[in-house]
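First to last, the sequence lines map onto chains A and B.
Residue numbers for the first sequence follow UniProt numbering, beginning at 1 and rising by one.
Residue numbers for the second sequence follow UniProt numbering, beginning at 1 and rising by one.
Simulated from the structure, these hints should not be mistaken for laboratory data.
These numbers were taken from a predicted model, which means no experiment stands behind them.
Incorrect hints may appear among the rest.
[Claimed, not checked] For each label pair, taking beta carbons as the anchor points, the in silico distance ranges come out as: (1) A:Gln-204 x B:Asp-150: 54 to 62 angstroms; (2) A:Glu-256 x B:Asp-160: 27 to 35 angstroms; (3) A:Lys-778 x B:Thr-90: 43 to 51 angstroms; (4) B:Pro-51 x A:Asn-729: 52 to 60 angstroms; (5) B:Asp-160 x A:Arg-250: 47 to 55 angstroms; (6) A:Asn-268 x B:Pro-51: 21 to 29 angstroms; (7) A:Asp-396 x B:Thr-90: 18 to 26 angstroms; (8) A:Phe-336 x B:Ser-162: 35 to 43 angstroms; (9) A:Glu-256 x B:Pro-51: 53 to 61 angstroms.
[Said to hold, decoys possible] Once the Cα atoms are required to be at most 25 angstroms apart in a straight line, the calculated DSS-like pairs of lysine-lysine come out as: (10) A:Lys-778 x A:Lys-750; (11) B:Lys-53 x A:Lys-338; (12) B:Lys-60 x A:Lys-664; (13) A:Lys-329 x B:Lys-60; (14) A:Lys-774 x A:Lys-753.
From the three backbone atoms N, C-alpha and C, an ideal C-beta is built for every residue, glycine too.
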Amino acid sequence: MPQPLSAKENSLFRQVIRNYEDKQYKRGLKAAEQILKKNPKHGDTMAMKALIINSTGKTDEAFALAKEALTADMKSHICWHVYGLLYRHQKNFEEAIKAYKFALKLEPGSPQIQRDLAFLQIQMRDYQGYIQSRTAMLQAKSQLRQNWTALAVAHHLAGDLAQAEKVLTTYEESLKSPPSHTDYENSEALMYKNSIIAETGDYQRALDHLESIAKHNLDRLAVLELRAEYLAKLGRKQEAAKAYRALLERNPEHSEYYNKLTEVLGLNDDDGTARKAIYDEYVKKNPRCDAAKRLPLTFLAGNNFREAAKTYLSLMLDKGVPSTFANLKHLYSDPFKKQTLESLALEYVKERESQSGGEANTEGELKGTPAGLYYLAQHYNYSLSRDLTKALEYVDKGLKLVPENVEFYMTKARIWKHHGNTRKAAEIMDQARNLDLKDRYINTKSAKYQLRNNETAKALKTMALFTRSDSSAGPLAELIDMQSIWYLTEDGEASVRNGLIGLALKRFHSVYNIFDVWQEDQFDFHSFSLRKGQIRAYVDMILWEDKLREHPFYTRAALGAVAAYLGIHDSKLATNAINGSANGTEEDDAEKKKALKKARKEAQKAEREAAEHAAKQDPNKPKAATSDNAKRDDDPLGLKLASTDQPLVEATKFLLPILQFSPKNIDGQVAGFEVYIRREKYLLALRCLNAALAIDATNPVVHEQAVRFRKELSSKLASLHPKVAEVINTEFTAIPSSTDLKKYNTEFLKQHKDSASHVVSAVKIQKLLGEDQKTCEKALFDILKLKSDDWEPAAEALGLLFQWRSSEAEAFKKAAEDTWPEVTLFQPPPSPPNATKPAES
Amino acid sequence: MDIRRLEPRDIPLIQHANLENLPENYFMKYYLYHALSWPQLSYVAVDVSRPKKTPYDYPKIVGYVLAKMEEEPTDGVQHGHITSLSVMRTHRRLGIAEKLMRQSQLAMVETFGAQYVSLHVRVSNKAAIHLYTKTLGFDQDKTEASYYADGEDAFSMRLDLSVIRNQIRDAAAAESGDEDEGEPVGEAGSKALPVREKDLKKVKVGRGLGVQALVEKDESKHS
Chain A
1 MPQPLSAKEN
11 SLFRQVIRNY
21 EDKQYKRGLK
31 AAEQILKKNP
41 KHGDTMAMKA
51 LIINSTGKTD
61 EAFALAKEAL
71 TADMKSHICW
81 HVYGLLYRHQ
91 KNFEEAIKAY
101 KFALKLEPGS
111 PQIQRDLAFL
121 QIQMRDYQGY
131 IQSRTAMLQA
141 KSQLRQNWTA
151 LAVAHHLAGD
161 LAQAEKVLTT
171 YEESLKSPPS
181 HTDYENSEAL
191 MYKNSIIAET
201 GDYQRALDHL
211 ESIAKHNLDR
221 LAVLELRAEY
231 LAKLGRKQEA
241 AKAYRALLER
251 NPEHSEYYNK
261 LTEVLGLNDD
271 DGTARKAIYD
281 EYVKKNPRCD
291 AAKRLPLTFL
301 AGNNFREAAK
311 TYLSLMLDKG
321 VPSTFANLKH
331 LYSDPFKKQT
341 LESLALEYVK
351 ERESQSGGEA
361 NTEGELKGTP
371 AGLYYLAQHY
381 NYSLSRDLTK
391 ALEYVDKGLK
401 LVPENVEFYM
411 TKARIWKHHG
421 NTRKAAEIMD
431 QARNLDLKDR
441 YINTKSAKYQ
451 LRNNETAKAL
461 KTMALFTRSD
471 SSAGPLAELI
481 DMQSIWYLTE
491 DGEASVRNGL
501 IGLALKRFHS
511 VYNIFDVWQE
521 DQFDFHSFSL
531 RKGQIRAYVD
541 MILWEDKLRE
551 HPFYTRAALG
561 AVAAYLGIHD
571 SKLATNAING
581 SANGTEEDDA
591 EKKKALKKAR
601 KEAQKAEREA
611 AEHAAKQDPN
621 KPKAATSDNA
631 KRDDDPLGLK
641 LASTDQPLVE
651 ATKFLLPILQ
661 FSPKNIDGQV
671 AGFEVYIRRE
681 KYLLALRCLN
691 AALAIDATNP
701 VVHEQAVRFR
711 KELSSKLASL
721 HPKVAEVINT
731 EFTAIPSSTD
741 LKKYNTEFLK
751 QHKDSASHVV
761 SAVKIQKLLG
771 EDQKTCEKAL
781 FDILKLKSDD
791 WEPAAEALGL
801 LFQWRSSEAE
811 AFKKAAEDTW
821 PEVTLFQPPP
831 SPPNATKPAE
841 S
Chain B
1 MDIRRLEPRD
11 IPLIQHANLE
21 NLPENYFMKY
31 YLYHALSWPQ
41 LSYVAVDVSR
51 PKKTPYDYPK
61 IVGYVLAKME
71 EEPTDGVQHG
81 HITSLSVMRT
91 HRRLGIAEKL
101 MRQSQLAMVE
111 TFGAQYVSLH
121 VRVSNKAAIH
131 LYTKTLGFDQ
141 DKTEASYYAD
151 GEDAFSMRLD
161 LSVIRNQIRD
171 AAAAESGDED
181 EGEPVGEAGS
191 KALPVREKDL
201 KKVKVGRGLG
211 VQALVEKDES
221 KHS
């Protein structure tokens, strides 16, 4: 039972609450202890004390005290509310919701508890709960428009469009006088209602409603766009055409408007002349418009294309637009257009050269001849029109005319990257950086190329040139803080290549955590957006957050993490195996230790430098450094992560969002199979395998997995639950159980003997099925004879040979270097670091 | 390049473009704060024709303008502010920055009745200063010492938006003449009122909206 407080203590208790709200934690704590001295079992005070303790960072202590408070006073809404707050602070929203519900039961009228609960419910997408909370909040305060809008949003998100619309209408009808024309809460609420009507598919009603609200609406663009869309959907083509023209008047750089306009005008897809006429109109109206000049190139054909492309290309190159190639390369999927653009660019250069007598007079600018050469360099560097020797020729020609040009250097670096020469690529990109030290873009590129060349320490140093130097935490912490996902991912991948799995996992986990933060970021907007009144943008945000981890940023880092964890699992198995020879050789271990030692040294050095730097910045502030120490990373190299006992559980954590949000990503399905087959979850493995087969049945890795699955089943099927076995038998049709796997694989090899990556996969399977290693090695050497530009399968083959501890590995490497002399991976390791010391100190 | 309004799903790649190009960086939440407070004001330039590498590729952002309305203008005049503007080095000379700015300015007037738009630029950034003063017509207002984190000064610039206001007013008047009885449209249509008086009207945007926590995250404001 709660202890009653005296009047004096009651006022003291109110002070505790005030102190907490004003963040005067010391005072609040003192006052709370004063009360507890006389009333040691006063639940509410104990709870408030717990809340204050929690705010000072002592979460465990706070939870313990909050539990004590609840034992002392189970019937106190304050105790339950505090319990909820603590859970919310921990981001354990489910438990928080439970606690809030208890609190609300004890104090049904509390607006604050109700509000807190509502926001947790929408954060957790508990739509029915949110509708309940919102209904209660509306009943409590029905004069506030945002309470009506919020209930409508709740119904809308729950999928009940009719109810959402009804709520909005009820409020509108309750208004005695029309809101002011500059009231954007009103303006937006009307547009929100319109979007709900349109979502029902009744475009006539949506159009009628839109016309009734259009005149004073403050979101002019949305009104124009929706009107055009509804008219088009209703088949009112002439009016729709007029509406799209109005939009093009506002913004002639939006391709969708042109597409829709031609559509509603009923122009035939192959009527290039008529279609082009529309674009020409807008070129005339907006001489500086790019879209109207460029877009017709996508549908024009034959001579019409040639003419238009010639005009466009000359214009762009004369002007010196560096993105000309980037703007046109999508046309290269059409071989005729690819060839035409090549010959036009060659002609252009020839013409300009003859005009200027070979001397470009462009004052170092990327205009005219140099621009043409730049286009050609990119053309021959592009995957669909690649000829790296020619590409380099054009770069060198260009650099003779404009010697200090960053763009040419960048392209040159890319050419070496495509050669596989990451070392040279990084060197040249850094030369480019040195030509324009104030530009972060080129700085970023240089760091990225250093990472691709596995120079992680150098890359961080490059990055540090543009991270904030006043933070004592150092550039890496700053990059994590600023959510620099690209850097973390590239650094993780480089660490994998350097054999530093812990460090790699560290980076991939950082990316994972950033996505968690992005998901939490929406929390504040549940209340903020309603107060701001910008409802459509809020709903857009909610729908986007629902599939946040669909982003390729997530998938790439997660695939890296899954692969790393699989590696940890496999090497553990190998260590535990009776066959000791599968263990890493001493040489290997020494190599790893060396790399780890180096990484540790680098981390310490970076930390020291950052601290020194911060000290230099402000010598009077030694305190900042100590507060940073408090949150210092206790596992900077990720050694704890790498020593996990449950690598497959960790891998699954990264894997699940890929399978859920990016099921059509074949790499995700392939990774899923690898995780599940190791966990002996055969149904899940089969689901991934079948999904991968549906995406690309000719993928060589999918072939490997199918054979491995059949082989595994031959020994495991009998031990499975009969129901499971039955499902697998009916679902796994790619390779029937009666198949002779060796034969099947030989057949596959025969069929794909000209594709190196297929050969590598087939050889892996040969080995698995017990083929003699010598035969397998010989088959791998055969891929060097395929004379392909693609060296990556050979790199995989080399990795395989090392894995087999093959005596042929070095010979293969040498042979690969002879075939692809520029590939850094096949070259002997670089000479000691002194030879290539970076220019800056 | 396609120019269109920013959508929440664009934000990861906007943040990426910002991190690649500029030294002033922000958390995702700060972009969300813009996108959810003034969704009409921010625009992106996207490469829509870029071949996709996965079925889940998001449109590649090659330029963006992140804009806002000043929450509590010290001069009491409703005005917009450019938080960040950037175009990839590989996509310069196409006029993208100018086109992004013009779309944003139009919306500032139409939706929020902005009188002017302000921005800060590094005193050393010649190209940007040229764009703002020569192409877009901004006036250099004053210099703010050590505005940026690295100690560099900023020019504070502003552009009067009355040209756009007048255009909108004229268009509205013409439209009203065509279709109905010439009722003034929105704020910009109220010809009868002397503009001066409206200029001085105190605005109450964003008052007490608890956005302080977000505003604090504007890294460029640290000196």
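Structure-based check of each hint:
For the pair Gln-204 of chain A and Asp-150 of chain B, the supplied restraint of 54 to 62 angstroms holds, since their beta-carbon distance comes to about 58 angstroms. For the pair Glu-256 of chain A and Asp-160 of chain B, the beta carbons lie near 32 angstroms from each other, so the given range of 27 to 35 angstroms is met. Distance hint check: the CB atoms of Lys-778 of chain A and Thr-90 of chain B are about 46 angstroms apart, consistent with the given range 43 to 51 angstroms. For Pro-51 of chain B and Asn-729 of chain A, the Cβ-Cβ distance of about 41 angstroms falls outside the hinted range of 52 to 60 angstroms, so the restraint is violated.
The hinted range of 47 to 55 angstroms is not satisfied by Asp-160 of chain B and Arg-250 of chain A, whose Cβ atoms lie roughly 21 angstroms apart. The given range of 21 to 29 angstroms is respected by Asn-268 of chain A and Pro-51 of chain B, whose C-beta atoms sit roughly 26 angstroms from each other. Taken as a hint, the range 18 to 26 angstroms holds for the pair Asp-396 of chain A and Thr-90 of chain B, whose Cβ atoms sit roughly 21 angstroms apart. Separated by about 51 angstroms at the C-beta atoms, Phe-336 of chain A and Ser-162 of chain B break the suggested range of 35 to 43 angstroms.
Remark: the range hint 53 to 61 angstroms for Glu-256 of chain A to Pro-51 of chain B is contradicted by a beta-carbon distance near 19 angstroms. Restraint check: the Cα-Cα separation between Lys-778 of chain A and Lys-750 of chain A comes to about 15 angstroms, which is no more than 25 angstroms; the hinted pair holds. For the given pair, Lys-53 of chain B sits about 20 angstroms from Lys-338 of chain A by alpha-carbon distance, which is consistent with the 25 angstroms threshold. Simply put, Lys-60 of chain B and Lys-664 of chain A have alpha-carbon atoms about 20 angstroms apart, close enough for the 25 angstroms limit, and the pair holds.
Only pairs whose Cα atoms come within 25 angstroms are accepted, and Lys-329 of chain A paired with Lys-60 of chain B is accepted, the gap being roughly 15 angstroms. A distance of roughly 18 angstroms separates the Cα atoms of Lys-774 of chain A and Lys-753 of chain A; the hinted pair therefore holds under the 25 angstroms criterion.
Checked against the numbered hints given earlier, the structure breaks hints 4, 5, 8 and 9 and satisfies all the rest.
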